[in-house]
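Here is what each chain is made of, one letter per residue.
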Amino acid sequence: MVTAQQHILPRRARQYLTAYSFLIPYLAFYVTFVLLPVLWSFYLSLCKGGLLSGTEFIGFQNYIKAWNNSLFIRALQNTAYYTLLVVPLAMLSSLTLALLIDKMALFWQNVVKSALFLPMVSSVVSLSIIWKAIFIPDRNGPLNTLVGVFGIPPQNWLGNPDLVIPSIVGFEIWRGYGFWVIVFLAGLDAIPNDLYEAARVDGANAWYILTRITLPLLRPTFLFLLVMGFIWNFQLFDAVYMLTAGGPANASATVVWYVYRNAFHFENLGFAATMGVLLLFIILILTVLQLKYIPSEVD
Amino acid sequence: MNLARKLYHVIAQIVIYGVPFLASIASIAPFVFMVLISFQHTFFVSGNPARWIPRQPTIETYLAVLETPNFLRWVFNSLFVASAVTAMGLLIQSMAGYVFAKKEFPGRELLFILILSGIMIPRAVTVIPAFFIVKDLGLLNSYPGLILPPLAMPLGVFLMRQYMQTLPSELLDASRIDGCSEFGTFWRIVLPLSKPGLAVLGIYTFMEQWRDFLWPLIVAQKDALKTLPVGLSVFHTEFRTDYGVQMAAVLLSIIPFLIVFLFFQRYFIKGMTVGALKG
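Top to bottom, those sequences are chains A and B.
Following my numbering from start to finish, the first sequence increments by one per residue and tops out at 299.
Following my numbering from start to finish, the second sequence increments by one per residue and tops out at 578.
Quick caveat, the hints were computed from the structure, so don't treat them as lab data.
Small disclaimer: the values here were computed from a predicted structure and weren't measured.
Mixed in with the good hints, there may be bad ones.
[Unchecked claim] Facing chain A, according to a computed beta carbon distance under 10 Å, are these residues of chain B, among others:
#, residue
1, GLY317
2, SER323
3, SER377
4, GLY437
Here a beta-carbon is modelled for each residue, glycine too, at the ideal position from N, C-alpha and C.
Chain B extracted, bound-state conformation (with noise of 0.2 Å):
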């Protein structure tokens, strides 16, 4: 009976540590495999076996990355289109939240509601037409037509007024009656005190922007202006069959992400189920 009840113990704590760990294996490997390969130039499949680990490990497929004209500059690109979404997005997104969470006025619900369902509307609806208004403005490869259209995203809204529902009404209204004028009391009293939700979804917009795909592709079609991801698709039809160049390519444009990701994982992953927290 004893014996029975041990046996089942060790069982469950083999599946408990096992499965999650065949699955951390299984997130990572391609990861080892891109390293591994990045050293080594082309022809590694048509060994036989095939050869994993290089006899003779290269660095001659970084240099070849680092000799394409605008690589370093799409990871600018990258960083700066998407630090200057976060910083405006931020500051509008957590406006219009704030007057949702703490004020009354006519259409309120109504406006609220109008924002909630953009959302559901897929990308594919909005891109022709915002494609057509960006090209109106002028602003077809250039950073305004990159940084802009990204600021509407209605969840930054939802998402502030979700956490500024949280502050007590009563702190705002102290710093109105010392005489706080109402920008004042958001950028001194609002704005500080709900730091924790903008740093989810500061680093949620971050994300989404360092990953986004479909907008920049439509809208930067000069090489300068390209962001990681779009330089990345076409450099990687240009060396269609050197795997090794890819890979180091694919590394290089992790690897300064990947540091950041490291130090700040808590609020990385905080950060990304931000939705479903509130959802």
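Next up, chain A with everything else stripped away, as it sits in the complex (with noise of 0.2 Å):
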């Protein structure tokens, strides 16, 4: 009976059920570490308490107080400067070493893709060690000598509340700039030959080209690093963690940072979910936004 019924099943369910059979194991997965986590997370945003004292449902409380708080607010503002910082200032650097990249013989590009891409290997941990020690505030550190070569008196780069998102901001360029570098570069590999060639054959001349052909098409490439650099950017948390741990008084402190603080530190879930929620919104909002109000198509 059984067998004879798994015969006349349709070939249509059948086939729906294999197809289902090959998701299941990484939807299992998702459902548990993704999706779960993410209602959860909702739910914990209405509720006050800590990993051991549980917690308790409270509604909105928690947002009223995340618009109250001003540490909450510094974090953000902290984050969202950091993120303009980095965004354009790396978008602009590497658009331009991609450009000359791309000019230099292929033995070269190759040279300097390696060189460029080496922080990359490298854990934001192992690298925050590094500049840690560059970052040293005395008058022998080795970033104030540098800059002492062209008359800067020495700075106390990550003590100063001024200097410490710049110096950040610095340290995640350096280490991020190789893979801005080699996305534009293959953001330029995918223009075709001919159309320079009809260019050049028109007898249009560089700059023409740069701006009549090589940035229009290179708006996809643009876009996908717009919107990426705003996602990773608003997590910042690893260097963070590592080089000021939020100070001096918090003028380093991200939002990621202070969900962590609050979270694992404070006792102080409800809270942390919160400010989580709020930075999907945020995050999301402004994806949205950059998707719908900035042409990826080229005209």
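Dock the two chains into a complex; use the hints.
Put into structure tokens, the structure is as follows:
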């Protein structure tokens, strides 16, 4: 009876079953470690309590608390300030570099690519340990020695509230611009050669080719880096944890840093979840706005 | 006229080569600094002027690192966790990517959008409940606790789908007609044809895991289960003033991977820009 039923199962239904049997292993992990946690975080954001004390439902109080919490607002401002520095600076410098590298002989292209990529191979922790020594505020510290050559007096790079975010920005750009350059190079590679040739036949000069062909055709690459740049940099954590621990006086505290502190040090799970949820919405809104208002299509 | 054009050409060449070379030097300089400092003890900045090149190089710094109780264990943990996540992740993510690329079934679009939107979800949102789930499963301070949650990475499914869409469907039909089971088709036809895609995703996954910090920081509280980044973050606070020992530790933690990188750098560069190439 059972076997007979299996056979009369329509072919289509069997196909659906196979499809789902291929999906289920991944879906199980996705539901357990992404979907369920997101929903749980929404619920936690409506609770108060901690890892040890247990949680209690309090409605939207955490959201009001976040709005009035000067430290959260500060962390949000720091995160925005930091992202608004990193993304344009990395974008501009890596685009310039990629345009130049693209003109080099192939052998030197590969040499430069490997050099730029070197920092990407190591963890932020390892790189932070090196840079903590580079940032030594002493007059003889490596970075102070370097800027001294240009007549700039020694700085307390990570200890000065006005300098700490630009310093971390410098570190993050150094760490990441190899990646940005290589993404732009891949974008340049995808531009068909005959477009350039046609322009040259028409007698177009280098400036015309750059502004009318290269840059417009790089739009999808540009949009990708913009969107991902915001998503990644709004989540800055590792470098802050290692280089400054949010200091001095919270001048470099970012949202994820503050979430981590509240969840795992202050026993403040509900509030941590609230800030995480707010971050999710900020990232979501920014991404949607970027995708909507910045055209990726080439005219 | 001719001279002006020549001059222009020379200046262009100087800029084209000069700027990228300067950028390369900026990329490498901190590593050179690390190597130099790793061969001397503590007080390198107190001299006037500072002494960058060690006058009496010592390997005591390296011995101090290797004498740290769990240092080699951390190296092993990092390699083991990253390898396990890569192997298991490749299998389940490519299975999911395959059905999204080649099968029709109800709920396909909805499920795919659901998974894809996972790329935007910040870790800060998932990390707290994921910690509870792992804790309730009794997996805190265990290898499964480190390995299982990262398997949910949505990017892998997206990439494998993109890659497998390019495979000819006739080939898959032919193998089915020849009597291959669904999984047999996947295992013997689809996976071998997807090797380039798998290589790129594998390298990406391995790198992400090798460098990951937040999740192992939370899950591995026992010293013996820490991964290299977490171990180093503790180690570095213990040797706060001894920059030589710190640099030696960083160098030792980078070297095994650096060798692999130098051999396979072309694939690495591809693997790391994978999202962009498809974006």
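For each hint, the structure was consulted:
1. GLY317: holds, 9 Å
2. SER323: With a minimum Cβ separation of about 4 Å from chain A (threshold 10 Å), the hint on B/SER323 holds.
3. SER377: holds, 9 Å
4. GLY437: violated, 14 Å
Violated hints amount to a single one, hint 4; each of the other numbered hints is respected by the structure.
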